[in-house]
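A.B. asks: Single-letter residue listing:
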Amino acid sequence: MSKVARARRGVMARTETYLDWNATTPLRPEAAAAMSAMLARCGNPSSVHRWGRSARQAVEQAHSALGALLGAPAEGVVFVSGGTEANHLALLGSGRDRVLVSAVEHDSVLRAVPETERIPVDRDGVVVLDTLDRLLAGDLRPALVSVMLANNETGVVQPVAAIAAIARAHGALFHCDAVQAAGKIALDVDAIGADLVTLSAHKLGGPSGIGALVVTGDLELTPLLRGGGQEHGRRAGTENLAGIAGFAAAAATAAQETAVYDRVRALRDALEAEVAAIAPEAMVLGAAAPRLPNTAAIAMPGVAAETQVIALDLDGVMVSAGSACSSGKVGPSHVLEAMGVRPDLVGSTIRVSLGWDSSEADIAHFLRAWTTLYRRCRGSCAGARAA
Amino acid sequence: MSSVTAAPARRSEAHLGNGMPIYLDNQSSTRLDPRVLEAMLPYFTEQFGNPHSTSHAYGRIAAEAIEQARREVAALINADPRELVFTSGATEANNLAIKGAAHFARLYPQGGQPRDHIVTLTTEHKCVLESCLQLEREGFSVTYLPVESSGLVSLDGLAAALGERTLLVSVMVAHNEIGVIQPIAEIGALCRSKGVLFHSDAAQAVGKIALDVDRMQIDLMSISGHKVYGPKGIGALYVRRRPRVRLLPLIDGGGQERGLRSGTLSANRSRSPCPWASSQRRRRTPLAGQPQFLFSGNCRDEADRGLPRDSGVDRLGVHFGKRRALLCVARPRALRGGRK
Numbered sequence: 401m402s403k404v405a406r407a408r409r410g411v412m413a414r415t416e417t418y419l420d421w422n423a424t425t426p427l428r429p430e431a432a433a434a435m436s437a438m439l440a441r442c443g444n445p446s447s448v449h450r451w452g453r454s455a456r457q458a459v460e461q462a463h464s465a466l467g468a469l470l471g472a473p474a475e476g477v478v479f480v481s482g483g484t485e486a487n488h489l490a491l492l493g494s495g496r497d498r499v500l501v502s503a504v505e506h507d508s509v510l511r512a513v514p515e516t517e518r519i520p521v522d523r524d525g526v527v528v529l530d531t532l533d534r535l536l537a538g539d540l541r542p543a544l545v546s547v548m549l550a551n552n553e554t555g556v557v558q559p560v561a562a563i564a565a566i567a568r569a570h571g572a573l574f575h576c577d578a579v580q581a582a583g584k585i586a587l588d589v590d591a592i593g594a595d596l597v598t599l600s601a602h603k604l605g606g607p608s609g610i611g612a613l614v615v616t617g618d619l620e621l622t623p624l625l626r627g628g629g630q631e632h633g634r635r636a637g638t639e640n641l642a643g644i645a646g647f648a649a650a651a652a653t654a655a656q657e658t659a660v661y662d663r664v665r666a667l668r669d670a671l672e673a674e675v676a677a678i679a680p681e682a683m684v685l686g687a688a689a690p691r692l693p694n695t696a697a698i699a700m701p702g703v704a705a706e707t708q709v710i711a712l713d714l715d716g717v718m719v720s721a722g723s724a725c726s727s728g729k730v731g732p733s734h735v736l737e738a739m740g741v742r743p744d745l746v747g748s749t750i751r752v753s754l755g756w757d758s759s760e761a762d763i764a765h766f767l768r769a770w771t772t773l774y775r776r777c778r779g780s781c782a783g784a785r786a787a
Numbered sequence: 121m122s123s124v125t126a127a128p129a130r131r132s133e134a135h136l137g138n139g140m141p142i143y144l145d146n147q148s149s150t151r152l153d154p155r156v157l158e159a160m161l162p163y164f165t166e167q168f169g170n171p172h173s174t175s176h177a178y179g180r181i182a183a184e185a186i187e188q189a190r191r192e193v194a195a196l197i198n199a200d201p202r203e204l205v206f207t208s209g210a211t212e213a214n215n216l217a218i219k220g221a222a223h224f225a226r227l228y229p230q231g232g233q234p235r236d237h238i239v240t241l242t243t244e245h246k247c248v249l250e251s252c253l254q255l256e257r258e259g260f261s262v263t264y265l266p267v268e269s270s271g272l273v274s275l276d277g278l279a280a281a282l283g284e285r286t287l288l289v290s291v292m293v294a295h296n297e298i299g300v301i302q303p304i305a306e307i308g309a310l311c312r313s314k315g316v317l318f319h320s321d322a323a324q325a326v327g328k329i330a331l332d333v334d335r336m337q338i339d340l341m342s343i344s345g346h347k348v349y350g351p352k353g354i355g356a357l358y359v360r361r362r363p364r365v366r367l368l369p370l371i372d373g374g375g376q377e378r379g380l381r382s383g384t385l386s387a388n389r390s391r392s393p394c395p396w397a398s399s400q401r402r403r404r405t406p407l408a409g410q411p412q413f414l415f416s417g418n419c420r421d422e423a424d425r426g427l428p429r430d431s432g433v434d435r436l437g438v439h440f441g442k443r444r445a446l447l448c449v450a451r452p453r454a455l456r457g458g459r460k
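Quick mapping for you: the protein sequence lines, in order, are chains A and B. Mapping of the first sequence onto our numbering: residues 401 to 787, in sequence order. Mapping of the second sequence onto our numbering: residues 121 to 460, in sequence order.
Looking at chain A on its own, in the form it has when it is part of the complex:
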């Protein structure tokens, strides 16, 4: 990536290439400007004096701006501390007796409520609609269905409109975690058909520490955090003014620039084609399904994902093994397991994710490093097999 990274020669002498955009993105200049302006101001949006009122106005503007971008009412936007909290608010706050989640959801959905029913996915990572329909028909208690718009590890995009229709037919609420999709593909909450949509700022060029739960109807939510009654009583706590302003600015820029992902898709596809040409046994997981334009889950059979990530990092290429969760977490990807990927492939898959700033030079750098690693490991793996 990027001029920004390459300008920083202090840490590593050689070029650095950032291909972990699904973990987090650099702050967009528009967001930085909006945040700096807000940080220079003082005032609690709940105070009645002029600085308080001015802060309140800024919060209201961000509600309207984000609502307008998503096709949702301004009062439906609930600013929270990030995607994880938004997912919790949706699943815990809706108060439904049954919660059905897809097997490939992010941990923050899988672990939000003590008991969930899992909706399986097929080999391509797509939710099995018939099973969802059967699960909902089999139990008449009020339910909530939670399926992400796009997966963080494979980029696979779910048929959310169809899922929404099935949920609605059974009187179930539909929550959609759109954290990874937002900014990369056009987003309209009406088109998704969800009652609740989760967004995170730092995945689309905003700051970390801010996200939103978008409530499309007049759904009653039980708040997770209680106190001063901010965000229409749905989320207490002094509003994160700079975060909210940065989020709104980043979202506006992202919405204007979704066309850049045509170029990103071409880069990603070229990268995958090159990998296939270099290593016939390498696999791209989820490739048969509709995917985000920026994500490639690439298996190098026989080489542990952690080994690949560390070797690539030593060469200045930053990617990840699955999702970027708590530090030092090691374990097989539940996403790939749910897709029925062979265990040896699950353990040898890395995630390469591009962003709006990725260039052909980044792809070339990745391919050089990846090919070097592949040739080195192929020798030792072949040797091990022969012995």
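Wrong hints could be hidden among the right ones.
No farther apart than 25 Å at their CA atoms in a straight line, the calculated lysine to any residue pairs in the SDA-like style are these [what the hints assert, rightly or not]:
#1 B:Lys246 <-> A:Leu621
#2 B:Lys246 <-> A:Arg450
#3 B:Lys314 <-> B:Asp334
#4 B:Lys246 <-> A:Glu460
Here are the computed distance ranges between Cβ atoms for each label pair [to be verified]:
#5 A:Arg518 <-> B:Gln230: 27 to 35 Å
#6 B:Thr242 <-> A:Arg541: 33 to 41 Å
#7 A:Asp618 <-> B:Thr165: 35 to 43 Å
#8 A:Arg663 <-> B:Arg362: 49 to 57 Å
#9 B:Arg285 <-> A:Asp590: 48 to 56 Å
#10 A:His570 <-> B:Glu268: 34 to 42 Å
#11 B:Ser313 <-> A:Asp744: 31 to 39 Å
#12 A:Thr707 <-> B:Arg362: 36 to 44 Å
#13 B:Pro154 <-> A:Glu515: 45 to 53 Å
#14 A:Arg523 <-> B:Arg285: 31 to 39 Å
#15 B:Pro141 <-> A:Gly629: 23 to 31 Å
#16 A:Glu517 <-> B:Gln230: 31 to 39 Å
#17 A:Glu475 <-> B:Asp332: 41 to 49 Å
#18 B:Ala280 <-> A:Arg534: 44 to 52 Å
Hints are computed from structural coordinates only; laboratory data are not their basis. We put the CB at the ideal spot given by N, CA and C, even for glycine.
Here the structure of chain A is known, so what remains is to put chain B in place on it, guided by the hints.
C.D. replies: Using the frame of chain A, we list chain B on its own:
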């Protein structure tokens, strides 16, 4: 009055008397310290890695920034860095402390006696009271102790309220509206002697008075960033390790913050309280003289009513008929009058 002339060093003189508004609502929110902004900026731009992606350099830089912040905030309250959980603010910290302790005690009762009783004050911040109300709806019992005319809790009354089933006492350090400081060390000693957890909302006190979680025997303590010249949207909960305080998380997921608070941490935000942390001593002195100065005219009698307060608290309880009267006092003209 000598401290008065020293005080306005940071407060632009342009604010005095030329019609510009004067901000006397620092208990509600403070202006970001320029040094804080300076510390935050690199994490806005070049150093943007996800602190949980520790397999690559950008992630490790962000992770180290957060650990540095954790050390600095911990040093401020004499805690071990591992005892700090970053949250989205003091509201979340208070919710996590109270509900987290209660839910853990219900799920994993210790010994024979179930502990399902919480003691707090009627004057606590809304997010403490609302958390307690929610626990009442869930079957916990809560005692809301009144305060005396001084605004302080009666220690005898508190001791009498503690029973065998009492799990937690939640009493704030300094009050957000009237600035009174509760006898925290005494409450801490009382709670420790009875085996009751002690939570204190220190959002309004951190940075204004010295706090020591060991000396005060505090088990859980909430901190806010934007009350101490940091940004809004970041706070922390101190969770004692020895003896260990156990909580159930409010927010699950990636298992960040030792499993107590999932969600991607914000390096710029977490980083931000720190320059302030190291400069708190310098800051406390100039603040000390301000309220007396501001209220020395028509309000001196009120200000000197003898409410217990530490010299560092920058706001006093001034008793007017209506709360809004305070806004009138803060007008530039009134202030100039007071200065004379």
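A.B. asks: Now tell me, hint by hint, if it's right for this structure.
C.D. replies: We went through each hint and held it up to the structure:
{"no.": "1", "hint": "B:Lys246 <-> A:Leu621", "verdict": "holds, 19 Å"}
{"no.": "2", "hint": "B:Lys246 <-> A:Arg450", "verdict": "holds, 23 Å"}
{"no.": "3", "hint": "B:Lys314 <-> B:Asp334", "verdict": "holds, 17 Å"}
{"no.": "4", "hint": "B:Lys246 <-> A:Glu460", "verdict": "holds, 23 Å"}
{"no.": "5", "hint": "A:Arg518 <-> B:Gln230: 27 to 35 Å", "verdict": "holds, 34 Å"}
{"no.": "6", "hint": "B:Thr242 <-> A:Arg541: 33 to 41 Å", "verdict": "holds, 40 Å"}
{"no.": "7", "hint": "A:Asp618 <-> B:Thr165: 35 to 43 Å", "verdict": "holds, 40 Å"}
{"no.": "8", "hint": "A:Arg663 <-> B:Arg362: 49 to 57 Å", "verdict": "holds, 55 Å"}
{"no.": "9", "hint": "B:Arg285 <-> A:Asp590: 48 to 56 Å", "verdict": "holds, 51 Å"}
{"no.": "10", "hint": "A:His570 <-> B:Glu268: 34 to 42 Å", "verdict": "violated, 58 Å"}
{"no.": "11", "hint": "B:Ser313 <-> A:Asp744: 31 to 39 Å", "verdict": "violated, 59 Å"}
{"no.": "12", "hint": "A:Thr707 <-> B:Arg362: 36 to 44 Å", "verdict": "holds, 39 Å"}
{"no.": "13", "hint": "B:Pro154 <-> A:Glu515: 45 to 53 Å", "verdict": "holds, 50 Å"}
{"no.": "14", "hint": "A:Arg523 <-> B:Arg285: 31 to 39 Å", "verdict": "violated, 54 Å"}
{"no.": "15", "hint": "B:Pro141 <-> A:Gly629: 23 to 31 Å", "verdict": "holds, 26 Å"}
{"no.": "16", "hint": "A:Glu517 <-> B:Gln230: 31 to 39 Å", "verdict": "holds, 33 Å"}
{"no.": "17", "hint": "A:Glu475 <-> B:Asp332: 41 to 49 Å", "verdict": "holds, 44 Å"}
{"no.": "18", "hint": "B:Ala280 <-> A:Arg534: 44 to 52 Å", "verdict": "violated, 59 Å"}
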